[in-house]
Amino acid sequence: MLNSKIPAGPLDTKWVNYKNTCKLVNPANKRSLEIIVIGTGLAGASAAAALGELGYKVKTFCFQDSPRRAHSIAAQGGINAAKNYQNDGDSTYRLFYDTIKGGDYRAREGNVHRLAEVSANIIDQCVAQGVPFAREYGGLLSNRSFGGTQVQRTFYAAGQTGQQLLIGAYQALERQIALGNVTQYSRHEMLDIVMIDGKARGIIARNLITGELERHFGHAVLLCTGGYGNVFYLSTNAMGSNVTAAWKAHKLGALFANPCFTQIHPTCIPVSGDHQSKLTLMSESLRNDGRIWVPKKQGDNRKSIDIPEEERDYYLERRYPAFGNLVPRDVASRAAKERCDAGYGVGTSKQAVYLDFAAAIQRYGKIEAGKRGIEADAATITQMGKDVVKEKYGNLFDMYAKITGENPYEEPMRIYPAVHYTMGGLWVDYELMTNIPGLYSLGEANFSDHGANRLGASALMQGLADGYFVIPYTIGNYLADEIRTKAIPTDHPAFADAESKVRDRIHMLMNIKGTKTVESFHKRLGKIMWDKCGMARNAEGLKQAIKEIQQLKNEFWSDVRIPGEINEMNPELDKANRVADFIELGELMCLDALNREESCGGHFREEHQTEDGEALRHDDKYMYVSAWEMKGDHDWQLHKEDLNYEVVKPSQRSYK
Amino acid sequence: MTFKQMFTSSIGKKLVMGLTGLFLISFLIIHVSINACIFADLFNPDDNGQMFNKAAHFMGSTVLIRILEVGLMAGILLHIIQGYMLMLQNKQKRSVGYDVPMGNAGSKWYSRSMGLLGTLLLLFFILHFSHFWVPARFTHAGLDMPVNYNGVDMHDMFTLMKVTFSELWIVIAYIIGCISLFWHLMHGFQSAFRTVGVSNNRYLSLLNNIGVGFSLIVSLLFASMPIAMYLGWIG
Amino acid sequence: MEHKNINVKLKVWRQKNSNDKGSFETYDAKNISQEMSFLEMFDVLNEELIGEGKDPIAFDHDCREGICGMCSMYINGRPHGPWEANTTCQLHMRAFNEGDTIVVEPWRANSFPVIKDLMVDRTAFDRIIQAGGYISVNTGNAVDANALPVDKAKADAAFAAAACIGCGACVAACKNSSAMLFVSAKVAHLNQLPQGEPEKNTRVLNMVAQMDKEGFGACTNTGACEAVCPKEISLTNIARLNAEYAVASLSATK
Numbered sequence: 001m002l003n004s005k006i007p008a009g010p011l012d013t014k015w016v017n018y019k020n021t022c023k024l025v026n027p028a029n030k031r032s033l034e035i036i037v038i039g040t041g042l043a044g045a046s047a048a049a050a051l052g053e054l055g056y057k058v059k060t061f062c063f064q065d066s067p068r069r070a071h072s073i074a075a076q077g078g079i080n081a082a083k084n085y086q087n088d089g090d091s092t093y094r095l096f097y098d099t100i101k102g103g104d105y106r107a108r109e110g111n112v113h114r115l116a117e118v119s120a121n122i123i124d125q126c127v128a129q130g131v132p133f134a135r136e137y138g139g140l141l142s143n144r145s146f147g148g149t150q151v152q153r154t155f156y157a158a159g160q161t162g163q164q165l166l167i168g169a170y171q172a173l174e175r176q177i178a179l180g181n182v183t184q185y186s187r188h189e190m191l192d193i194v195m196i197d198g199k200a201r202g203i204i205a206r207n208l209i210t211g212e213l214e215r216h217f218g219h220a221v222l223l224c225t226g227g228y229g230n231v232f233y234l235s236t237n238a239m240g241s242n243v244t245a246a247w248k249a250h251k252l253g254a255l256f257a258n259p260c261f262t263q264i265h266p267t268c269i270p271v272s273g274d275h276q277s278k279l280t281l282m283s284e285s286l287r288n289d290g291r292i293w294v295p296k297k298q299g300d301n302r303k304s305i306d307i308p309e310e311e312r313d314y315y316l317e318r319r320y321p322a323f324g325n326l327v328p329r330d331v332a333s334r335a336a337k338e339r340c341d342a343g344y345g346v347g348t349s350k351q352a353v354y355l356d357f358a359a360a361i362q363r364y365g366k367i368e369a370g371k372r373g374i375e376a377d378a379a380t381i382t383q384m385g386k387d388v389v390k391e392k393y394g395n396l397f398d399m400y401a402k403i404t405g406e407n408p409y410e411e412p413m414r415i416y417p418a419v420h421y422t423m424g425g426l427w428v429d430y431e432l433m434t435n436i437p438g439l440y441s442l443g444e445a446n447f448s449d450h451g452a453n454r455l456g457a458s459a460l461m462q463g464l465a466d467g468y469f470v471i472p473y474t475i476g477n478y479l480a481d482e483i484r485t486k487a488i489p490t491d492h493p494a495f496a497d498a499e500s501k502v503r504d505r506i507h508m509l510m511n512i513k514g515t516k517t518v519e520s521f522h523k524r525l526g527k528i529m530w531d532k533c534g535m536a537r538n539a540e541g542l543k544q545a546i547k548e549i550q551q552l553k554n555e556f557w558s559d560v561r562i563p564g565e566i567n568e569m570n571p572e573l574d575k576a577n578r579v580a581d582f583i584e585l586g587e588l589m590c591l592d593a594l595n596r597e598e599s600c601g602g603h604f605r606e607e608h609q610t611e612d613g614e615a616l617r618h619d620d621k622y623m624y625v626s627a628w629e630m631k632g633d634h635d636w637q638l639h640k641e642d643l644n645y646e647v648v649k650p651s652q653r654s655y656k
Numbered sequence: 001m002t003f004k005q006m007f008t009s010s011i012g013k014k015l016v017m018g019l020t021g022l023f024l025i026s027f028l029i030i031h032v033s034i035n036a037c038i039f040a041d042l043f044n045p046d047d048n049g050q051m052f053n054k055a056a057h058f059m060g061s062t063v064l065i066r067i068l069e070v071g072l073m074a075g076i077l078l079h080i081i082q083g084y085m086l087m088l089q090n091k092q093k094r095s096v097g098y099d100v101p102m103g104n105a106g107s108k109w110y111s112r113s114m115g116l117l118g119t120l121l122l123l124f125f126i127l128h129f130s131h132f133w134v135p136a137r138f139t140h141a142g143l144d145m146p147v148n149y150n151g152v153d154m155h156d157m158f159t160l161m162k163v164t165f166s167e168l169w170i171v172i173a174y175i176i177g178c179i180s181l182f183w184h185l186m187h188g189f190q191s192a193f194r195t196v197g198v199s200n201n202r203y204l205s206l207l208n209n210i211g212v213g214f215s216l217i218v219s220l221l222f223a224s225m226p227i228a229m230y231l232g233w234i235g
Numbered sequence: 001m002e003h004k005n006i007n008v009k010l011k012v013w014r015q016k017n018s019n020d021k022g023s024f025e026t027y028d029a030k031n032i033s034q035e036m037s038f039l040e041m042f043d044v045l046n047e048e049l050i051g052e053g054k055d056p057i058a059f060d061h062d063c064r065e066g067i068c069g070m071c072s073m074y075i076n077g078r079p080h081g082p083w084e085a086n087t088t089c090q091l092h093m094r095a096f097n098e099g100d101t102i103v104v105e106p107w108r109a110n111s112f113p114v115i116k117d118l119m120v121d122r123t124a125f126d127r128i129i130q131a132g133g134y135i136s137v138n139t140g141n142a143v144d145a146n147a148l149p150v151d152k153a154k155a156d157a158a159f160a161a162a163a164c165i166g167c168g169a170c171v172a173a174c175k176n177s178s179a180m181l182f183v184s185a186k187v188a189h190l191n192q193l194p195q196g197e198p199e200k201n202t203r204v205l206n207m208v209a210q211m212d213k214e215g216f217g218a219c220t221n222t223g224a225c226e227a228v229c230p231k232e233i234s235l236t237n238i239a240r241l242n243a244e245y246a247v248a249s250l251s252a253t254k
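Protein chains in written order, with the working numbering: chain A, 1 to 656; chain B, 1 to 235; chain C, 1 to 254.
These are calculated hints, taken from the structure and not from any lab test. Treat each hint with caution, since some may be false.
Derived pair list, reagent style PhoX-like, types lysine-lysine, alpha-carbon separation capped at 20 Å [as the list claims (entries may be wrong)]: (1) Lys30/A / Lys5/A; (2) Lys54/C / Lys11/C; (3) Lys575/A / Lys54/C; (4) Lys30/A / Lys19/A; (5) Lys30/C / Lys11/C; (6) Lys91/B / Lys175/C; (7) Lys254/C / Lys4/B; (8) Lys54/C / Lys513/A; (9) Lys108/B / Lys175/C; (10) Lys30/A / Lys251/A; (11) Lys486/A / Lys57/A; (12) Lys402/A / Lys392/A; (13) Lys57/A / Lys199/A; (14) Lys251/A / Lys303/A; (15) Lys213/C / Lys91/B; (16) Lys553/A / Lys516/A; (17) Lys108/B / Lys91/B; (18) Lys296/A / Lys350/A; (19) Lys4/B / Lys213/C; (20) Lys547/A / Lys523/A; (21) Lys21/C / Lys11/C; (22) Lys213/C / Lys175/C; (23) Lys553/A / Lys251/A.
No experiment lies behind these values; they were computed from the predicted model shown.
Kindly produce the complete structure, drawing on both the sequences and the hints.
Take a look at the structure:
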């Protein structure tokens with residue numbers, strides 16, 4: 001049943017051949033073809049801009065007040081591209097290989113190779129748009145190594161790469177709006193997809209200011225709605241990030257792939273109390289210079305600076321001498337959890353480890369003294385070292401100081417892993433189309449490119465690749481057959497049915513008039529997910545989680561309290577709609593995690609580990625994509641898409 | 001982009017304010033230099049206002065300067081009218097104000113009070129014009145006794161000043177005028193350069209310092225004139 | 001870090017919708033940990049309000065890490081509250097003391113009409129960008145990224161201006177409700193790069209025209225915008241914009 005439509009032929013010619021042979025739509029016909037884009041992050045904004053440029057009639061929707069707010073903006077580190085500007089041996093193949101390996105051999109070769117191929121075009125396009133990437137004194141682009149790669153292929157704009165890329169895409173989008181090719185609907189949330197004759201033909205959206213429901217027709221619908229990390233309540237996602245659009249698609253029959261693959265980012269600021277609403281990431285680039293450690297003694301309550309060098313356990317350097325502090329995210333995260341669970345955690349919560357810059361400060365101080373050719377005393381060296389560190393990471397250090405009230409120049413940062421990215425998402429084929437004709441999914445919302453774990457600086461790459469360089473070709477292949485379909489008037493019964501379904505659900509939610517707030521349910525869901533479907537999972541815990549989530553769902557639908565009215569700005573109602581979907585998703589994630597009896601990438605099953613606690617894959621049994629079809633309440637059917645590795649030979653990852 | 005569009009846009013209007021402001025600043029230099037001639041008296045007891053009267057006569061009798069004077073008046077009027085219009089328009093951009101005003105967090109009181117300071121200056125100008133400019137150009141009130149230097153009759157502006165500044169309230173009014181001028185210039189000087197587009201930080205900070213010096217020197221010099229006359233240090 | 005809990009009084013602007021007149025309401029926020037962010041304090045308060053059957057306070061927020069520009073709030077007479085170079089979401093309760101009264105108002109400017117309580121409509125900023133805040137390059141048109149070297153100083157200056165998050169604090173702080181810092185930051189970002197050069201003049205003219213049309217006030221260089229800008233966008237950008245505007249309008253041929 002699952003046809004991934006990967007083109008035949010050698011890996012490095014698949015995309016070229018596809019582009020050479022896919023159907024095209026002539027310019028006159030493009031003008032009468034309408035496309036709906038949900039979400040305006042990197043994937044959505046770039047897709048809407050690129051499709052607008054081609055001449056399609058595009059409508060974009062976002063729940064924020066402007067497309068520029070999408071959470072892509074928060075990405076700090078950078079964007080990978082196989083440019084090999086540094087002459088250090090990078091190539092399309094290496095980027096492809098690193099991505100496949102980093103994803104622990106659970107991604108499609110064809111998709112990933114295409115991603116690596118278009119990565120270079122992304123940088124060209126962004127520079128042309130005026131994205132101010134970091135540059136060398138000669139005026140050429142600067143690169144850094146990121147997330148444990150051995151080549152320097154990451155382009156960056158200080159710690160604000162995501163912001164600059166999103167603003168670039170946003171500006172391209174606004175230009176298309178000015179040209180009349182795109183219409184923007186902000187403060188709108190998509191609440192259902194309209195299906196006519198088995199194809200996605202439009203959406204029902206709620207105007208979040210007035211509460212009105214609106215009907216919008218499209219020959220195709222693109223879901224670019226990001227990841228679902230907020231199912232954990234606490235994550236590095238924005239407060240509004242949600243799964244609702246993808247979940248509506250799933251309920252209409254779109255398959256949800258690898259939902260249990262979530263990435264836990266190792267360097268986040270730890271939770272400070274029950275009031276915590278979100279977690280803040282400290283860029284991975286900090287691991288280039290910071291050393292991670294815990295005390296050698298369990299429950300050591302001394303202050304960090306009072307613990308002498310020989311009583312510190314630099315556990316990453318100890319366990320992984322080759323990669324040290326730069327092991328991939330999943331490995332670093334699990335190692336931190338392992339130390340804290342074993343009683344070596346630090347801080348008041350004991351759920352944190354130290355990220356220490358003292359050594360880097362000394363090292364940079366000495367280099368600086370050498371550069372200036374001065375015999376400096378210890379204090380001067382420290383000061384010069386601090387200045388260098390400030391220049392490199394100043395904004396991150398400031399952010400840390402603001403949030404914690406501690407000075408990271410004087411004492412080590414406390415960090416702990418937090419949910420960051422979701423590799424899973426809507427199942428899509430090579431053309432980024434879900435199994436529902438005309439319904440596409442781009443960026444983090446789909447599952448396609450990162451396998452079981454995403455490498456640093458690859459999310460931005462994928463979002464923009466999908467939007468700028470993939471969908472403009474693949475959507476033509478579908479729409480070429482739609483040129484005879486006239487725009488369907490929104491008084492069509494399918495629109496009316498979908499709208500009344502949405503209306504009924506909203507009324508149902510508002511009429512529960514229970515006693516507990518939406519937030520309280522979300523928190524409880526998050527706790528279940530984090531405890532039992534988080535960094536480490538086991539069959540018993542997952543089974544229990546499923547039961548608890550099912551109970552939570554019943555309780556939600558009988559006891560939630562939503563204040564306010566339907567026909568007004570009502571953020572609590574918006575949130576209730578989203579949390580209701582998160583609850584259902586949570587159950588599916590646990591189901592998927594339970595089904596996948598192996599450890600790979602971000603998915604770690606305690607039953608499946610090597611003797612020294614590393615992830616143990618079972619390629620013989622689980623070399624497939626789990627694509628789940630919803631059959632009814634608490635009822636899913638698993639479809640398997642086998643992964644065929646024609647070029648890369650899967651091996652056990654080793655970072656030792 | 002017609003010239004009308006250019007000068008009626010928000011930046012264009014400010015450009016008018018900045019250019020007229022700079023023009024008025026350059027006039028202040030001439031005005032204060034000529035008036036400073038009254039202090040010749042301090043160094044040469046026989047001067048008796050001669051230097052000042054001659055300078056004033058030169059200004060009043062030279063055709064080119066009389067033409068420039070028309071430009072000056074136009075500049076003052078434009079600066080005043082545009083200033084008031086901008087102030088009113090800017091006020092209308094926020095119909096509901098804040099309960100807690102920002103106050104001095106982030107901006108200087110005099111930067112926010114250019115309208116008020118300008119109004120004080122306008123009131124002062126009315127007084128000042130009626131004391132000197134109107135008599136000198138039109139009514140000749142208080143100037144019926146010309147002085148004669150080297151065979152040329154000219155207005156005895158020096159005596160007119162002495163008479164005018166013998167009244168305490170007028171001296172106080174002039175001092176208030178000079179204080180208003182000081183604060184108006186403290187913002188206006190550097191702001192005018194920003195508005196006409198000086199955007200090099202090095203020059204901006206230089207101009208900032210020059211602006212403070214200029215405001216201080218010009219205002220002090222002007223203020224010292226009525227004081228010196230009232231206290232009888234001169235003449 | 002020492003953990004301390006405090007009690008504060010909140011005086012918050014409540015307004016049901018854009019047609020409502022609105023007024024202040026006072027709330028007690030009790031036992032607030034100083035480790036909370038300002039918005040988390042609002043979360044706690046809202047949970048209590050819902051529990052009491054009252055309408056929670058609506059406010060804009062999203063990323064809560066100081067980069068999306070969604071959060072607003074004019075706190076005790078200052079956009080984004082008392083801390084320098086900060087957004088409301090990054091403001092923490094350490095900034096306040098036991099017994100403080102905190103007055104919270106929405107951004108005030110006619111170009112930013114209130115939608116509900118502390119939420120305002122900032123779509124005017126989108127329309128200003130639509131007027132010219134971009135470089136006209138279609139996808140696929142680009143040459144190799146390193147084909148055109150960019151003077152590092154200029155690239156850095158462009159980046160500093162591009163750090164703007166479009167929150168609107170500059171407008172909220174300006175006594176004239178001027179959007180000049182926002183507009184000048186975008187112009188400084190794009191016009192300083194060689195890629196932005198060809199559209200330099202039309203960009204300035206069109207963006208300023210749109211800014212005026214949206215009803216923002218004129219700049220009087222008071223510097224309040226720069227003082228409250230979470231990303232420390234420099235006032236010098238405005239002077240640059242003035243110069244570019246003058247050049248663009250004088251060199252226009254029509």
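Checking against the hints above, which ones are violated?
Hints 1, 10, 14 not satisfied by this model.
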